[in-house]
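**Student:** Chains as they are written, first to last, in my numbering: chain A, 21 to 426; chain B, 363 to 464.
Source of the hints: derived by calculation from the structure; they are not laboratory data. In this text, a Cβ means the ideal position worked out from N, Cα and C, and glycines have one as well. You can take every hint at face value.
Examples of chain B residues toward chain A, derived with CB under 8 angstroms:
| id | residue |
| --- | --- |
| 1 | R393 |
| 2 | E395 |
| 3 | P396 |
| 4 | L400 |
| 5 | Y402 |
| 6 | R407 |
| 7 | F411 |
| 8 | K413 |
| 9 | L417 |
| 10 | A446 |
| 11 | Y447 |
Listing some non-contacts, in silico: residues in chain B with all C-beta distances to chain A over 12 angstroms:
| id | residue |
| --- | --- |
| 12 | D379 |
| 13 | E435 |
| 14 | G438 |
| 15 | E462 |
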Amino acid sequence: MKLVDHFQYGLNSPICLTWELTYACNLACVHCLSSSGRRDPRELTTAEAKGVVDELMAMQVFYVNIGGGEPTVRPDFWELLDYSIDHNVGVKFSTNGIKLDRRRAAQLARTDYVDVQISLDGATAEVNDHVRGPGSYDTAMRALENLAAAGFGQPKISVVMTRQNVDQLDDFKAIADKFGAQLRITRLRPSGRGAEVWEELHPTAAQQHQLYDWLVARGEDVLTGDSFFHLSAYGEALPGLNLCGAGRVVCLIDPVGDVYACPFAIHEQFLAGNVRSPGGFQEVWQHSELFLELRQPQTGGACRSCLHYDSCQGGCMAAKFFTGLPLDGPDPECVRGFGEQALADRDGAVPLPRSNVDHSRSTPRNTRAPVPLTLGIGRPDRACETSPIAGFGASANDSGLFSPAR
Amino acid sequence: MSAGSPAHSRADGTAFDPGLPYRCSPSVALRPEPFGALVYHFGTRRLSFLKTPQLVDVVSGLEHHSDAHAAVEAAGVPQPQRPAYLRALAGLAANGTIEERL
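Work the whole structure out from these sequences, hints included.
**Tutor:** Written out as structure tokens, the structure is:
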């Protein structure tokens with residue numbers, strides 16, 4: 021059995037775990053996939069969060085991707101960061117940069133075992149602030165400058181690809197190079213407030229091909245969180261896990277301790293349990309009904325007969341769900357166009373699924389003019405930071421018995 | 363270094379030699395999984411995968427044997443498969459998962 025087949029049946033512990041520490045956020049990004057903005061009063065306390073770290077350590081989850089909301093606005097963020105690192109659970113955290121002043125940058129530079137990921141959705145302030153709000157470009161640049169000045173080694177710049185920034189890929193790379201950072205690009209999901217802007221912001225079919233070509237040609241050092249695996253059907257498989265990892269190798273712990281199948285699936289249909297329940301996170305990961313179901317062999321449904329099924333595996337579950345497509349059918353961005361057709365064939369009378377988890381501010385903090393998009397709040401990306409099995413292919417000295425991951 | 367090492371050079375110029383004693387690096391944790399084990403290197407923060415339970419036995423047994431050959435043998439790896447296991451060990455030595463025991 022190939023490794024990827026093993027992954028389908030789930031692992032003892034997740035490889036990539038995303039943990040959102042708070043729904044509070046100083047920004048109001050239009051595409052925020054967790055509909056963040058206001059803190060939830062039920063969020064895990066410091067002691068409970070440390071309890072989760074203890075469990076992750078026992079389960080040998082070697083690092084977590086921490087996000088939010090804006091995780092650094094939690095007053096105990098730095099305490100939890102240290103606690104986690106001290107317990108052999110490395111931290112990669114995503115931030116818009118708001119708290120990364122010189123002092124914090126210096127502190128991070130002194131800390132081993134931490135990765136910082138600055139969210140940036142435009143290589144120019146104009147494009148970035150359009151989705152992330154006024155001033156957010158400057159905030160990100162300041163954070164990157166502070167990190168570089170403090171000698172922090174290779175932060176990540178994390179970009180959600182949109183219709184407006186696909187043409188800026190080379191510019192993003194240049195920004196990353198300038199700050200000694202690594203570029204990470206991820207897919208726009210129709211999750212959270214992203215559902216409201218997905219039609220307008222998701223890359224066109226031509227842009228998807230452009231993105232794929234760019235990744236093949238220039239993507240060597242670019243991280244993707246494996247989020248473009250649906251594009252592998254264009255030809256050459258992209259490095260990484262070409263498989264939906266939801267509930268199999270990936271999951272999300274949200275700020276109130278709810279465990280979802282993946283960071284892009286905050287909806288009751290993908291809710292597996294809560295870390296506060298008896299048995300904690302481990303019980304949810306290993307025994308929840310939902311996760312056990314996700315680890316069953318998938319049928320592939322309408323996609324099964326497609327000759328590209330093996331490379332794209334039907335695409336992203338969350339993208340299908342939140343655009344109202346059947347989970348066993350094509351991805352809305354199916355490279356063969358079946359998704360577009362399926363979208364066109366939807367019954368307009370049936371409302372799209374909406375999450376009942378929404379912490380958006382009622383009065384958005386960033387008011388922009390002109391306002392081309394519905395406003396919301398938040399933060400974008402998430403998912404596997406590092407491809408769990410990148411570089412999986414055989415090399416000259418590959419015995420086939422072990423696989424390095426990039 | 364004894365002579366006749368396979369050609370898997372490490373960055374520091376040393377090469378894997380199955381005639382020498384090895385151990386799993388103290389910076390490495392092995393997490394048992396149905397396919398074998400997930401390997402995490404706390405120093406390089408890299409993940410890799412041992413794709414058979416037998417390779418996990420070999421790697422964790424290294425420190426109890428006088429050389430890598432003995433660890434492979436003790437894990438019950440059939441003769442025809444041993445070259446592949448030694449190649450795997452060479453790769454693991456090259457990426458720092460295992461190291462020579464001094």
